[in-house]
Amino acid sequence: MKKLVLFIPLALFLGMGVFLYKGLFLNPQKLESALEGKPVPAFQLEKLETPGEMLTQENLKGQVALLNVWATWCPSCKYEHPFLMMLARQKLVPIYGINYRDERAEAIRELRHEGDPYALNIFDKDGRLGLDLGVYGAPETFLIDHKGIIRFRYAGPIDQQVWTETLYPMVKQLQQEASGDATAQGTVQTSGAAS
Amino acid sequence: MRIVTLLLTAALMLLSTMALATPVDTYEFKSPENQKRALSLAHELRCPQCQNQNLIDSNSPVARDLRLEVYKMVDEGKSDSEIVEFMTTRYGDFVLYKPRMEGRTYILWLGPVILLLIGISAGMLFIRKQRSQGAAAVDLTPEQQAELDALLKGSKPDVKHDKGQN
Chain H
1 MKKLVLFIPL
11 ALFLGMGVFL
21 YKGLFLNPQK
31 LESALEGKPV
41 PAFQLEKLET
51 PGEMLTQENL
61 KGQVALLNVW
71 ATWCPSCKYE
81 HPFLMMLARQ
91 KLVPIYGINY
101 RDERAEAIRE
111 LRHEGDPYAL
121 NIFDKDGRLG
131 LDLGVYGAPE
141 TFLIDHKGII
151 RFRYAGPIDQ
161 QVWTETLYPM
171 VKQLQQEASG
181 DATAQGTVQT
191 SGAAS
Chain B
1 MRIVTLLLTA
11 ALMLLSTMAL
21 ATPVDTYEFK
31 SPENQKRALS
41 LAHELRCPQC
51 QNQNLIDSNS
61 PVARDLRLEV
71 YKMVDEGKSD
81 SEIVEFMTTR
91 YGDFVLYKPR
101 MEGRTYILWL
111 GPVILLLIGI
121 SAGMLFIRKQ
131 RSQGAAAVDL
141 TPEQQAELDA
151 LLKGSKPDVK
161 HDKGQN
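Which chain is which? The protein sequence lines are H and B, in order.
The first sequence begins at 1 in full-length UniProt numbering and counts up one residue at a time.
The second sequence begins at 1 in full-length UniProt numbering and counts up one residue at a time.
Hints are computed from structural coordinates only; laboratory data are not their basis.
There's no promise every hint is true.
Using 27 angstroms as the maximum straight-line C-alpha spacing, the simulated DSS-like pairs for lysine-lysine come out as follows [to be verified]:
{"id": "1", "chain 1": "H", "residue 1": "Lys-30", "chain 2": "H", "residue 2": "Lys-172"}
{"id": "2", "chain 1": "B", "residue 1": "Lys-30", "chain 2": "B", "residue 2": "Lys-72"}
{"id": "3", "chain 1": "B", "residue 1": "Lys-129", "chain 2": "H", "residue 2": "Lys-38"}
{"id": "4", "chain 1": "H", "residue 1": "Lys-147", "chain 2": "H", "residue 2": "Lys-61"}
{"id": "5", "chain 1": "H", "residue 1": "Lys-147", "chain 2": "H", "residue 2": "Lys-125"}
{"id": "6", "chain 1": "H", "residue 1": "Lys-2", "chain 2": "B", "residue 2": "Lys-30"}
{"id": "7", "chain 1": "H", "residue 1": "Lys-47", "chain 2": "H", "residue 2": "Lys-30"}
{"id": "8", "chain 1": "H", "residue 1": "Lys-91", "chain 2": "H", "residue 2": "Lys-61"}
{"id": "9", "chain 1": "H", "residue 1": "Lys-38", "chain 2": "B", "residue 2": "Lys-30"}
{"id": "10", "chain 1": "H", "residue 1": "Lys-172", "chain 2": "H", "residue 2": "Lys-38"}
{"id": "11", "chain 1": "B", "residue 1": "Lys-72", "chain 2": "H", "residue 2": "Lys-125"}
{"id": "12", "chain 1": "B", "residue 1": "Lys-78", "chain 2": "H", "residue 2": "Lys-125"}
{"id": "13", "chain 1": "B", "residue 1": "Lys-129", "chain 2": "H", "residue 2": "Lys-3"}
{"id": "14", "chain 1": "H", "residue 1": "Lys-38", "chain 2": "B", "residue 2": "Lys-98"}
{"id": "15", "chain 1": "B", "residue 1": "Lys-98", "chain 2": "B", "residue 2": "Lys-72"}
{"id": "16", "chain 1": "H", "residue 1": "Lys-38", "chain 2": "H", "residue 2": "Lys-91"}
{"id": "17", "chain 1": "B", "residue 1": "Lys-98", "chain 2": "H", "residue 2": "Lys-30"}
{"id": "18", "chain 1": "H", "residue 1": "Lys-22", "chain 2": "B", "residue 2": "Lys-98"}
Isolated chain H (complex conformation) (with noise of 0.2 angstroms):
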């Protein structure tokens, strides 16, 4: 019995050394966002494409979207936008964009040169949705269900890694709900659930 007291210390190094070992091959950057479970935060907006047209939160809401914070001044939205284009083309799923502290005429010409793969695009010169996104910088990409509540972020490129392992179980999901919440009420079915 002695002995085996004598042991706890060994017992207690090693749980903390265990502990610790796991703690190094964590992702620093993968944050969770205090957002979600969340309404998009209120705002209004200029439409990218046309000044003067405002958006509110209100044109995010109806069917489950993802929500992609964007920038001509960003690498890795360049990487990202590839894939971003096929997803639209699979219309799995409607992509609003938030163009994040941006030139608007230099957003623009890209999306022309490059495809725009946005259903709307959101102009964020100031970053001040942005801000109350909690963004800390771009891409990032949030799944909003179709009352216009965060239920999920991702801070980083979508490839197609994330996209069928983690984004498309949840879209899914969420459009399941949706339709749930659709049909309950006897109201027309969104076209999201209908893909």
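Based on the hints, put chain B in the right spot on chain H.
Coordinates of chain B only, in the frame set by chain H:
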């Protein structure tokens, strides 16, 4: 021509110092107290992008925005807790260098105290045990005493036999 070159050089020199400047914002506070409070707050908030730097040290655009946001809110007369609330609802508890006291941070705050208490009590137990054993060690049997005397007399350097030592 020479004047133009001179002017150009001067302009370039000015520009280069601007590029070297550390993040110093030209923000005018309403009062020195506000400035003090805002700076101490910004020192306690972490930049979400370049982690391990606070809002003052970091010159990333996000840190600059947040810093100015803190300054503005202080000048608007918002309380410290309101400003911290504003930051954590957007960026999570991560931005706090000083974690809040709540359910999941108890171990963080109280762990060291608990460890210290365990250490102190283990130390006290050990010392008490040593004391009581020290008192017992005086009572040697006559044989042990004889053995000890012999050993001390012989004063062999490599004594392996330490029966009566404790």
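List, from low to high, the hint numbers that the structure doesn't satisfy.
-> Hints 3, 6, 7, 9 not satisfied by this model.
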